[in-house]
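Build the full structure now, drawing on both the sequences and the hints.
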Amino acid sequence: MEKDINEQVEISFSWFDWDRYHADEEFLFEQGYNHVQVFVELFGVYQNLVSEPDTIRHWLRKWESGFLLMSRLD
Numbered sequence: 002m003e004k005d006i007n008e009q010v011e012i013s014f015s016w017f018d019w020d021r022y023h024a025d026e027e028f029l030f031e032q033g034y035n036h037v038q039v040f041v042e043l044f045g046v047y048q049n050l051v052s053e054p055d056t057i058r059h060w061l062r063k064w065e066s067g068f069l070l071m072s073r074l075d
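In short: position in the sequence shown from 1, add 1, done, that's my numbering.
Since the hints were made in silico from the structure, they are not lab data.
Be aware that a few hints might be false.
Claimed, not checked - Label-pair restraints from in silico Cβ distances:
hint, residue 1, residue 2, range
1, E65, N7, 38 to 48 Å
2, E65, G45, 21 to 31 Å
3, G33, D55, 16 to 26 Å
4, F68, E8, 38 to 48 Å
5, S66, D20, 17 to 27 Å
6, N7, F68, 39 to 49 Å
7, N7, M71, 33 to 43 Å
8, D25, G67, 31 to 41 Å
9, D18, K63, 12 to 22 Å
10, E8, E65, 35 to 45 Å
11, G45, D20, 17 to 27 Å
12, E31, N7, 38 to 48 Å
Just so it is clear, CB atoms sit at the ideal spot from N, CA and C, and this is done for glycine as well.
This is how it looks when you write it as C-alpha cells:
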C-alpha cells in the first residue's frame with residue numbers, strides 16, 4: 002500500500018506530551034533562555050506544534066513570578 006506524500010495527518014498532544022513540553026520550557030527558562038531562544042529550541046523538536054513566541058513569553062513571565070509550569074490540577 003502506497004501513501005500519498007501530500008496526505009494530511011492530524012497530530013495532537015496527549016497529556017504526557019503536554020507535560021513534557023512544559024518541562025522542556027521550564028528547563029530552558031532555568032538555563033537562562035529568553036522566550037525567542039526557547040521558541041527556536043522547541044521548534045527544532047516539535048516543529049509546527051510549538052506555541053507562538055508571545056505565548057512562550059507569557060509563560061516565561063508566569064514562571065518568573067513563581068508559577069510552576071509543571072503544576073496542573075486534575
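Hints, one by one, checked against the model:
Take E65 and N7: their Cβ atoms lie about 43 Å apart, and the range 38 to 48 Å holds. Taken as a hint, the range 21 to 31 Å holds for the pair E65 and G45, whose Cβ atoms sit roughly 24 Å apart. Range check, G33 to D55: Cβ separation about 20 Å, and the 16 to 26 Å hint holds. One distance hint, 38 to 48 Å for the beta-carbon pair F68 and E8, holds here, with the actual separation near 40 Å.
Evaluation of the 17 to 27 Å hint for S66 and D20 yields a pass: the beta carbon distance comes to about 21 Å. At about 42 Å, the CB distance of N7 to F68 agrees with the hint of 39 to 49 Å. Taking 33 to 43 Å as the suggested C-beta distance range, the pair N7 and M71 conforms, at roughly 38 Å. Range check, D25 to G67: Cβ separation about 19 Å, and the 31 to 41 Å hint is violated.
For the hinted restraint 12 to 22 Å between D18 and K63, the CB-CB distance of approximately 20 Å keeps it satisfied. A hinted range of 35 to 45 Å holds for the C-beta pair E8 and E65, which are about 42 Å apart. For G45 paired with D20, a C-beta distance near 19 Å keeps the hint of 17 to 27 Å intact. Between E31 and N7 the Cβ separation comes to about 41 Å, which falls inside the hinted range of 38 to 48 Å.
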